[in-house]
Every structure is written in structure tokens, then in C-alpha cells.
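Chains as they are written, first to last, in my numbering: chain X, 1 to 318; chain D, 319 to 663.
Heads up, a few of these hints could be off.
Said to hold, decoys possible - Taking lysine to aspartate or glutamate and the EDC-like style, the derived pairs with C-alpha atoms no more than 20 Å apart in a straight line are:
#1 Lys455/D / Asp486/D
#2 Lys538/D / Glu474/D
#3 Lys123/X / Glu379/D
#4 Lys123/X / Asp486/D
Unchecked claim - Label-pair ranges, simulated between beta-carbon atoms:
#5 Ser493/D / Val66/X: 29 to 35 Å
#6 Ala306/X / Ala384/D: 43 to 49 Å
#7 Glu557/D / Ser223/X: 37 to 43 Å
If you are wondering where the hints come from, they were derived from the structure by calculation, not from laboratory data. Beta carbons are placed, not taken as given, at the ideal position from N, Cα and C, and that holds for glycine.
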Amino acid sequence: MWRYIAKRTGHAFFVMWLVATTVFVGLRSVPGGPVRAMLGQEATPEAVARLRAELGLDQPLYVQYVEWFSEMLVGDFGQSITSSESVGGLIAAAAPRTLSIAAFGVVLGLAVAIPAGIIGATKRNQLQDYAATIGAFIGISMPAFFVGILLAIVFGVQLGWFPVVGYTPISEGVVPWLRSIFLPGVAVGLPYAAGVTRMMRSSLIETLDEQYMRTAVAKGVSSRIRLYKHALQNALIPVVTIAGIQLALILGGSVTVEIVFGIQGLGRLLVNSILERNYPVTQMTILLIAGIFVFMNLLVDIAYTAIDPRIRYGGEQA
Amino acid sequence: MSTPVLSVDDLRTQFPTDRGVVRAVDGVSLSIEPGEIVGLVGESGSGKSVLAESVLGIVEEPGEIAGGDIRFDGRSLLEMTDEERQSIRGGRMSMIFQDPMNSLNPTLTVGEQIAETVRLHQDTGESVTLSAELKRKIVGAAKNGEAWRRAIEMLESVQIPEPEARADDFPHQFSGGMRQRAMIAMALACEPDLVIADEPTTALDVTIQAQILEELEELKDEFDTAILLITHDLAVVAETCDRVNVMYAGEIVERAETRELFSNPEHPYTQGLIASTPQLENPDATLEPIEGNVPDLIDIEYACHFAPRCPEAERECFERPPEFRSVGDDHEAACLRRGPAGDRL
Chain X
1 MWRYIAKRTG
11 HAFFVMWLVA
21 TTVFVGLRSV
31 PGGPVRAMLG
41 QEATPEAVAR
51 LRAELGLDQP
61 LYVQYVEWFS
71 EMLVGDFGQS
81 ITSSESVGGL
91 IAAAAPRTLS
101 IAAFGVVLGL
111 AVAIPAGIIG
121 ATKRNQLQDY
131 AATIGAFIGI
141 SMPAFFVGIL
151 LAIVFGVQLG
161 WFPVVGYTPI
171 SEGVVPWLRS
181 IFLPGVAVGL
191 PYAAGVTRMM
201 RSSLIETLDE
211 QYMRTAVAKG
221 VSSRIRLYKH
231 ALQNALIPVV
241 TIAGIQLALI
251 LGGSVTVEIV
261 FGIQGLGRLL
271 VNSILERNYP
281 VTQMTILLIA
291 GIFVFMNLLV
301 DIAYTAIDPR
311 IRYGGEQA
Chain D
319 MSTPVLSVDD
329 LRTQFPTDRG
339 VVRAVDGVSL
349 SIEPGEIVGL
359 VGESGSGKSV
369 LAESVLGIVE
379 EPGEIAGGDI
389 RFDGRSLLEM
399 TDEERQSIRG
409 GRMSMIFQDP
419 MNSLNPTLTV
429 GEQIAETVRL
439 HQDTGESVTL
449 SAELKRKIVG
459 AAKNGEAWRR
469 AIEMLESVQI
479 PEPEARADDF
489 PHQFSGGMRQ
499 RAMIAMALAC
509 EPDLVIADEP
519 TTALDVTIQA
529 QILEELEELK
539 DEFDTAILLI
549 THDLAVVAET
559 CDRVNVMYAG
569 EIVERAETRE
579 LFSNPEHPYT
589 QGLIASTPQL
599 ENPDATLEPI
609 EGNVPDLIDI
619 EYACHFAPRC
629 PEAERECFER
639 PPEFRSVGDD
649 HEAACLRRGP
659 AGDRL
């Protein structure tokens with residue numbers, strides 16, 4: 001098991017390095033650098049050259065890469081090109097907002113999806129199943145920002161139950177914090193829940209058809225114990241995979257949802273920095289979002305060892 | 319004569335499909351006395367497994383028992399409530415499945431899977447509520463409990479080495495033969511009156527097959543359990559069974575004491591089955607295949623289901639349903655051309 005975890009962790013670091021390098025190279029191959037963005041089309045060649053030198057953009061690419069990478073490793077993420085703020089500070093301000101929304105979305109999504117999937121599978125082709133399936137279908141079809149707009153109109157503007165705009169840090173109280181992330185959290189959580197519900201339902205249906213479930217019937221085990229003791233853990237194995245991969249949906253969704261709810265999160269920061277060709281900020285934001293994704297999937301891999309004894313003991317079958 | 323453990327009377331199990339009704343078990347009668355091994359032989363598709371599922375009460379939807387009766391120890395199973403049947407399943411009547419690779423739950427230890435059966439059917443003083451069972455799943459069963467002790471005892475009696483340690487293993491840590499032994503341990507843990515073994519050795523290596531059959535017989539003697547052994551393998555039948563029922567296309571066509579059946583097979587199907595089996599002591603004998611296939615069990619229009627493949631079939635075989643006739647000492651065959659009235663067509 002420890003070998004498996006070590007291998008997965010090594011894998012995660014490798015992926016992160018790949019992401020960092022790709023982002024670095026990719027950004028610089030997009031036409032129109034930060035200098036143009038800052039000085040405009042009318043700038044004199046002298047001014048452009050001066051600014052390029054100031055920003056270090058006149059250096060060969062590999063020198064810039066080595067410099068950026070080595071500074072990053074010691075925790076120096078550089079400065080924003082357009083303002084004097086440090087990249088670390090910008091991200092530290094934005095990240096808790098996005099993480100709050102995403103975490104709320106995941107918790108809510110799983111809390112809805114797993115019971116809904118179980119109901120769909122056990123009441124197959126009954127009213128409850130149709131309700132869960134239709135709900136999931138709607139959830140899959142609607143992008144997070146659209147759900148966000150609907151929620152803002154209904155629960156924010158019409159009913160006035162939740163704030164429509166802005167974010168309240170948790171330091172100002174748990175309840176205000178929860179109220180401020182509730183609607184955006186629901187907006188990113190519902191499409192996520194939809195995907196996980198579908199997976200939970202089909203995986204459980206498949207599991208209930210397994211030969212060992214017939215063994216349990218033949219042993220005289222009641223249907224409730226068969227479901228929760230014999231089937232559920234087996235059915236969760238593929239669901240955990242999907243729940244990890246679908247996190248991308250949450251992170252991607254929060255970029256647009258933050259804009260709907262006027263929250264200065266990572267998504268906002270990322271979009272603005274790309275528009276300004278603000279290389280240092282863009283790089284670190286993408287790296288952080290990728291890092292969250294990779295880290296969550298590492299957690300998923302580790303979660304396997306808890307739910308699949310075939311991985312826990314011996315064999316590297318994953 | 320004592321009450322049979324199991325008596326099946328004119329049982330009909332059907333599956334409605336879009337193309338018509340599949341009569342998987344079509345008027346089968348058989349009985350098993352306490353402590354005997356009765357074979358049920360036939361090709362795949364003959365309805366053997368559906369018969370077993372009917373007896374255990376685990377026929378899958380949309381299958382249904384459309385007629386006849388199944389009596390277990392004198393009581394009709396079909397008249398019992400679901401709860402009563404559930405309490406019999408795994409306790410007084412249990413089943414060994416064909417595929418040991420997929421018949422054990424990959425997320426429960428082997429010991430727990432056996433101990434669970436014991437807790438459900440015997441008074442071990444251990445709670446079997448959902449929360450108690452879930453707690454056991456997460457923290458493991460009480461190792462000093464009676465059920466766990468019994469599980470280890472059973473693993474030992476099916477020749478699993480180091481049973482205390484192996485009880486904590488998950489099924490994927492067992493070989494195929496060991497898994498089937500664990501299945502047998504599970505099926506026999508509550509000393510049932512009847513075990514239905516559906517192709518228990520088919521998925522195993524030949525050398526393991528012999529060991530498993532031997533163990534099954536020993537355990538049968540130890541616990542005085544009756545066994546319904548379902549197989550397509552005549553060698554397995556000859557080796558283990560006291561009596562044999564030959565099944566074809568949803569019907570029993572011949573039944574006799576094992577030695578009698580092999581020395582004097584009467585029904586043309588049984589004769590064909592024996593002629594198509596390779597024989598070690600006579601390797602030069604030619605194998606005679608039975609031409610054709612087991613028919614689709616939807617709307618069979620002819621009276622004797624075997625008639626289209628039968629080398630001796632006459633017109634009457636397609637028109638008049640055969641009934642059982644005595645063709646020897648405690649030996650019956652369902653064929654118009656056999657018995658006192660036979661050959662007079």
C-alpha cells in the first residue's frame with residue numbers, strides 16, 4: 001500500500017512539473033506580450049525595448065524559465081506586471097474565495113449525488129428513479145454560470161434570502177461566510193452532483209447484478225444489509241474516480257460563477273491576468289488550480305486504498 | 319419411508335419475454351432423501367440452474383413459478399412468507415455457485431462472509447442489525463465471537479491451511495480452489511439439511527475438482543446433509559451421486575440409481591449423453607455426438623422435447639407426451655418407446 005501511495009505521489013509531482021512547463025511555454029507563444037498590453041499599439045520602439053528589459057523578457061526563453069522555476073521553488077512567485085503587488089499576495093487573497101466555493105460545491109454535490117444515485121438504482125424504473133434521472137439530466141445540461149444566474153435571480157433578487165454579490169471571509173463569522181458562498185456553491189455543486197449521480201446509479205445497478213450479490217441472497221441476508229454492507233463499497237470504487245475527475249467541472253465552473261456573483265476569486269484573477277498578458281500572475285494561478293486538481297486526485301488515489309482491498313493488500317492493479 | 323428433505327412436484331418456472339414464454343422448468347418432479355446425493359445432469363440450457371434457483375427462491379425477475387409445488391421437509395416453500403424463506407436460505411438450505419471467482423464479495427474478508435451466515439442463522443448472541451453489521455464491516459468482526467470461531471472451524475474443515483490467519487484475507491488473496499472451498503465452508507457452516515451445488519467444480523482444474531468433490535462427500539457424511547448436485551459432467555455424477563436425474567429442455571427424462579443408469583441407460587437422450595462422453599478405459603471408442611442443439615424453450619410444439627434430435631423418434635413421439643414408465647429396478651424413463659408398452663408403436 002505504501003509503495004502504491006509513494007508511486008501516486010511521485011506521479012502527481014511529475015504532472016505538476018509538466019503543467020508548469022506547458023503553461024510557461026504556452027503563454028509565451030500566444031501573440032501580443034505584456035509590453036503591448038501595457039503600452040498600447042502606439043508605443044515607441046525605445047519604450048518597448050526598455051520595458052522588455054525591465055521585465056526580463058529580452059532574455060532567452062530558457063534563461064527566463066530557469067529563473068522563474070528556481071525562484072518559484074524557493075517560494076518567490078514574482079510580481080504582477082501591471083501593479084506592484086506580489087503574485088503570492090494576489091493569490092493568497094483570491095484563493096480562499098474560490099476554495100470556499102469549490103469545497104462547498106463538492107460537499108453539497110456528494111451529499112446530494114450519493115443518496116440520489118442509491119435511490120435511482122434501488123428504485124429502478126420507479127417514480128423516484130425517474131425524478132433522480134431527470135434531475136441529473138437537467139444538471140448535466142445546464143452550465144454552472146447559468147445555474148448561478150437563475151439562483152441569483154430567484155434566491156438573491158426575488159426572495160432576498162442570500163446576498164447576490166460579494167464574499168464575506170470566514171473570519172467575519174461562519175454564518176455570513178456560508179451565506180455568501182451558498183448560491184455560487186450550489187451553482188457549481190449541482191452540475192457536479194448530476195455527473196456523480198449518474199455514475200453512482202449505474203455503478204450500483206451493475207454491482208447489484210454481480211454474482212456475489214446472489215451469494216448474499218442465497219445466504220439469507222436481508223435486502224437492506226445487502227445494499228449497505230455488500231454492495232455499496234463495491235459500487236463506490238468507480239464513483240470515487242469520477243468524483244475526482246469531475247472536480248475539474250467545479251474548478252472550471254467557479255471561474256464563471258465568480259464573475260456572476262462578483263467575487264474576486266482565482267477565476268476572476270486568471271481571466272483578468274490573461275487579458276493583460278500578466279505572465280507571472282497567469283502562470284501561478286493556473287499552476288495553483290492545476291495543483292488543487294492534482295492534489296484532489298491524489299487524495300482519490302489514496303481513498304482507493306480505503307475502499308478497495310485489492311489495492312490495499314498486494315497487487316498494483318490500479 | 320422418511321419424509322424427503324426436498325420434494326419437487328410438477329414444477330413449472332417460466333420467463334415471459336418479448337418473443338413468448340420461456341418454459342425453463344416444465345413440469346419437473348424429483349425428491350431427495352436426507353443425507354443422499356442426487357445428481358441433476360443435462361446440457362447447458364436444459365433448465366438445471368433455474369430449477370435450483372426455484373428451489374432456493376431466488377429466480378430472477380421476470381421469472382416466476384407458474385405451477386407445481388416445492389416441499390422442504392414436508393412444508394410447501396411456495397406458501398411461506400418472504401421472511402420465512404429468507405430465514406431458511408443459507409441456514410437449513412444453502413447453495414454453492416458455479417463461479418468461485420465472482421461468488422465471493424471482494425470487499426469483505428473470507429472469515430466475515432462465513433461468520434455472517436452463522437450469525438444470521440444460529441443463535442450466537444451477536445446482533446445482526448444493519449448498524450451492527452456495518453460496524454463489523456468497518457472495524458472487523460469480534461474475533462472472540464462464536465460466529466468467527468465457527469468460520470475458522472469451517473475453513474479448517476475444508477482444508478484451508480492456517481485458517482486463523484487466512485480468515486482475515488480478502489477473496490482476491492485466495493486461489494480459485496481455495497475460494498470454492500470457502501464457498502463450501504459458507505454453505506455448510508450452519509449444517510444445512512440440503513445443499514444445492516450448481517456446477518461446483520466446473521470452473522476448477524481437474525486435480526482440484528477431485529479434491530473438492532471428495533471434501534463435499536466427507537462433509538455430507540459429517541453433517542448428514544443432502545446434496546442436489548447439478549452438473550453437465552457425467553464423470554462427476556458417476557463419482558459422487560447416489561441417484562441421478564437426467565434433464566433435457568426443461569423436463570426430467572430419466573431417473574435411476576447411479577450404477578443402474580450408467581450400465582443400463584434407457585432414454586435415447588441419456589444413451590446419447592453417455593456415448594458422447596470420452597472414456598479413459600476405452601480410448602479407441604468413437605465419440606457419438608448428439609446431433610443438433612438444445613431447443614429454444616419458447617413454444618415447443620412437439621410432445622417429446624427430445625424428439626427432433628432423437629434417432630428413434632416416430633411420428634407419435636411428436637404428438638403424444640411421454641410419461642414416466644418403469645424400465646428397471648427403481649429406474650424410470652419418459653419415452654414412448656421404452657418400458658412394457660414401448661417398441662409397440
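| Looking at the structure, which of the earlier hints fail to hold? | As far as the earlier hints go, 4, 5 are violated by this structure, in ascending order.
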